Amino acid sequence: MTTTIDAVWSAQDTTPAAIESALRDLVDERHRENQGYVAARALNLVCIVDAQYSGEVANRLRRVGRYHASRTVVCSVEDGRTTIDARATVASEADPRPGEFSLMRETVVVSVGERHLHHLARIVDPLVVTDLATVVWSPHGHDEAVDSLVSPAGGARPVAQCVLLDTAGEPDAREALERVCRLAELVSVVDLAWLRVTPWRERLAAHFDPADRRPELQTLSKLSVRHGSHSLVSGLLLVGWMCDRLGWRPERLTLHDELLRGRARGRRGEVELRLEPVGVLQVPGLAGIELRSDNGAVLALERGEGGLTARRRERKGAERSWTVLGASRGEAGILGEGIRHALLPDPTYAPALAAARRMLT
Amino acid sequence: MSAPHPEPNPLAAALERLPVHPTVLVIFGATGDLTRRKLLPALYNLAHEGALPEHFALVGSSRSDLPDEEFREMAVKAVREFSRRKPNEKVLAKLFEHARYVGGSFDDPTVYERLGPVLEEVDERAGQRLNRCFYLSTAPEFFPIIVKALGEHGLQDAADAEVRVIIEKPFGTTLAEARELNQTVLSVFAERQVFRIDHYLGKETVQNVLALRFANGMFEPLWNRNYIDHVQITASEDLGIGTRAGYYDNAGALRDLVQNHMLQLLTLLCMEPPVDFSADEVRDEKVKVLRAIHPPTEVEVPGMAVRAQYVAGNVAGVEAPGYLDEAGVPEDSTTATYAALRLEVDNWRWAGVPMYLRTAKRLARKVTEIAVILKPVPHLAFAEDGSEGVRPNVLVLTVQPNEGVSLSIGAKIPGTRMAIRQVQMEFSYGSAFLSQSPEAYERLILDAMRGDATLFTRNDEVEAQWRICDPILAAWDKMPGPPATYEAGSQGPKEADALLGDGREWRMI
Chain A
28 MTTTIDAVWS
38 AQDTTPAAIE
48 SALRDLVDER
58 HRENQGYVAA
68 RALNLVCIVD
78 AQYSGEVANR
88 LRRVGRYHAS
98 RTVVCSVEDG
108 RTTIDARATV
118 ASEADPRPGE
128 FSLMRETVVV
138 SVGERHLHHL
148 ARIVDPLVVT
158 DLATVVWSPH
168 GHDEAVDSLV
178 SPAGGARPVA
188 QCVLLDTAGE
198 PDAREALERV
208 CRLAELVSVV
218 DLAWLRVTPW
228 RERLAAHFDP
238 ADRRPELQTL
248 SKLSVRHGSH
258 SLVSGLLLVG
268 WMCDRLGWRP
278 ERLTLHDELL
288 RGRARGRRGE
298 VELRLEPVGV
308 LQVPGLAGIE
318 LRSDNGAVLA
328 LERGEGGLTA
338 RRRERKGAER
348 SWTVLGASRG
358 EAGILGEGIR
368 HALLPDPTYA
378 PALAAARRML
388 T
Chain U
46 MSAPHPEPNP
56 LAAALERLPV
66 HPTVLVIFGA
76 TGDLTRRKLL
86 PALYNLAHEG
96 ALPEHFALVG
106 SSRSDLPDEE
116 FREMAVKAVR
126 EFSRRKPNEK
136 VLAKLFEHAR
146 YVGGSFDDPT
156 VYERLGPVLE
166 EVDERAGQRL
176 NRCFYLSTAP
186 EFFPIIVKAL
196 GEHGLQDAAD
206 AEVRVIIEKP
216 FGTTLAEARE
226 LNQTVLSVFA
236 ERQVFRIDHY
246 LGKETVQNVL
256 ALRFANGMFE
266 PLWNRNYIDH
276 VQITASEDLG
286 IGTRAGYYDN
296 AGALRDLVQN
306 HMLQLLTLLC
316 MEPPVDFSAD
326 EVRDEKVKVL
336 RAIHPPTEVE
346 VPGMAVRAQY
356 VAGNVAGVEA
366 PGYLDEAGVP
376 EDSTTATYAA
386 LRLEVDNWRW
396 AGVPMYLRTA
406 KRLARKVTEI
416 AVILKPVPHL
426 AFAEDGSEGV
436 RPNVLVLTVQ
446 PNEGVSLSIG
456 AKIPGTRMAI
466 RQVQMEFSYG
476 SAFLSQSPEA
486 YERLILDAMR
496 GDATLFTRND
506 EVEAQWRICD
516 PILAAWDKMP
526 GPPATYEAGS
536 QGPKEADALL
546 GDGREWRMI
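Chains as they are written, first to last, in the working numbering: chain A, 28 to 388; chain U, 46 to 554.
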């Protein structure tokens, strides 16, 4: 189905109140025109971007498909701007047939200057749909703007309840984790680097789910993770998650050439930890995981065609490999997953994050 | 049978997709329409999402004599044709790469003699004993034959693995048949191994009836005879019988939709809150509702049930033939394409509240909904003409096509006069969630592989459903002459109005 822009409003040197009023009118106008146009009411997304890269971000948002936020407020930051311009659009997919409906997607692009960022909450607050969860995504930095939305001055209630970010590619993993930990104390955090780990977590959980295999979790002696060169945090989060779930206490990892190595103290003994970069992957994230038990059994998962290639070697040497089915959603799908997960907090993330930070400090 | 889990899997906490035990799915009727249109695409979509077990194997069985390779090609083709998403060719190829096929007539013992070793080979390939799910997607007359044969060949049980049997609808066509089938099935399998499919229960919106009732404090206080005047459950289709004349002319509207889907909706609407949402707690409460419905005597049937058959008409501007003119329908058929019932749930909560059920082919529109019509307010204080527009509140739960909830409320018409009219508060599930609902068969196949029977019909439940429908069908069979008629594309036969009484009227479809 083709997305068509149905109604547009724009103004220069305007105010949040005027923008909000215009949005309300646009939605009402479209609904009056055809009752089949229905306002989506699932989630607000506030997106803070540098004006010169706003087209690229718009393209990424276009690809999220059905995980499009109900109302997207794009704060486009221009150097030296002192006034606010805005352009609001209410778009929908094709005219609904009688008895059916078509969701409206509301987008407002607000041009702001750097001077507005410390108080961005005051501009954004009137523009989000009240009572819906709001997630903020700021792919070009602008931490002060994010802070304004999650921790407004004067102890006011935060405008955003969730921060969407991607620690992949952050130049300093330790700093990135520190920042995420600070944010996680205030609001929920969805890190795309964590979501890239999810299929691996599911496969590991499935492998050790049969009752006769579960005791093996207590005998693990080595965990090796191979990750894309920009995905160290994904690797750390996977290791942190294993540490948290299995009650291992990780020690600080040390760098040997490009390899991060260390140990964790498990209930039955020490577990060797190892994170190895493997260069740039076609899709960021992990390249493989290997788990060894103290009795010699090995499970290895690698990226493969049509899913993950699994290989298991029993302690007596018998080896078997198979494919764990699953389609890669690719990098195009990860942002949509991030938006969807803003409404699905994962209680295992924060402990995994804390363990990951402990391994670097 | 596998040993009980020593403790919860620590790695599974908070995962959206819970692990499923390695399983081999054996589909009887593997080349049939249901398999091609629903089951194989559902398997593909589960594979695409990474929701299938770590080790999954498929074995097909049908009368046709096919080599494995040809069955695999058929499966790939079916997915390409009917999947809800464009398949990823690599996942598709891997899914059926090792699929096996055992051909032969279902009453041929060699089918089961050959099946046993195939299952052993599948285990051998996986390096572990897989759970076994036998999916009976055949014509119903083969259900007892296959079940007995599985038992005779020792396939109903396996050391260190769970064995389950999934049985498609219809589960019998009369109470006697349902009982007999239950006896056969339960002589081979334990009830906990049996998963009787009613795919309606796999629909998100049907499950949402429970969420609406038990997760919202505002509805439950009203959910009883004190506030509810009556309930109308409608499942209408604008289409005719298509190419299904052979099945439909034997079944008719009551067997096709009322005995299973519509009674499921009624039980979810009327059941008491369960202690928890485990399979047996939920099903215990549903069975109590069915048992509280008094099965009619033959004499009572004409006063509580109406049947009719469509004649030629116009559906949405297109001329439509009458039922007797549809391909494959006998010219003297008296099969009901419309059925409407008035049932009463005789318990403390619902005594005296009529429950109206209607279903039909070739009505004005396709819709499945539950409408709860509340009692009118006891006194109207507005001036007489201002009260003219006041109507009782109606809460409508729409199952399809636009899943949602709407509530009609009285509101003042803008102006100087105090005049009231009904307005709608509408909520659409599609507007409030980012996630897409899985297809019913995807959910149900996964639940069966997991051993969760909550969304499957239990033996006593299916018999209780038949206990209500059986006397109606028996009475209709004895009625002389053809059934009432209604025009294709209409709202149904006027004879159905007589069921309502007391100034009530059917909701417009």
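Watch out, some of these pointers could steer you wrong.
[To be verified] Only some residues are given here: those of chain U computed to face chain A with a beta carbon under 8 Å:
#1 Ala58
#2 Tyr292
#3 Ala296
#4 Gln481
[What the hints assert, rightly or not] Chain U residues, not near chain A, derived (Cβ > 10 Å throughout):
#5 Leu97
#6 Ala138
#7 Lys139
#8 Pro162
#9 Glu186
#10 His424
#11 Lys457
#12 Thr499
FYI, nobody ran anything at the bench for these hints, they're computed from the structure. Remember, predicted model here, so these are calculated numbers, not experimental data. Built from N, CA and C at the ideal position, the CB exists for glycine as well.
Okay, the hints, checked on the actual structure:
1. Ala58: 6 Å, holds
2. Tyr292: At about 28 Å, which exceeds the 8 Å cut-off, the nearest Cβ of chain A leaves the hint on tyrosine 292 of chain U violated.
3. Ala296: 27 Å, violated
4. Gln481: 6 Å, holds
5. Leu97: Its Cβ does come within 10 Å of chain A, the nearest being 6 Å, so this is violated.
6. Ala138: 7 Å, violated
7. Lys139: Not fine: 4 Å to the nearest Cβ puts lysine 139 of chain U too close to chain A.
8. Pro162: Nearest chain A Cβ is 20 Å from proline 162 of chain U, so the label holds.
9. Glu186: Its Cβ never comes within 10 Å of chain A, the nearest being 35 Å, so this holds.
10. His424: Holds, because the least Cβ-Cβ distance between histidine 424 of chain U and chain A comes to about 33 Å, which exceeds 10 Å.
11. Lys457: 20 Å, holds
12. Thr499: Answer for threonine 499 of chain U: holds, closest chain A Cβ roughly 20 Å.
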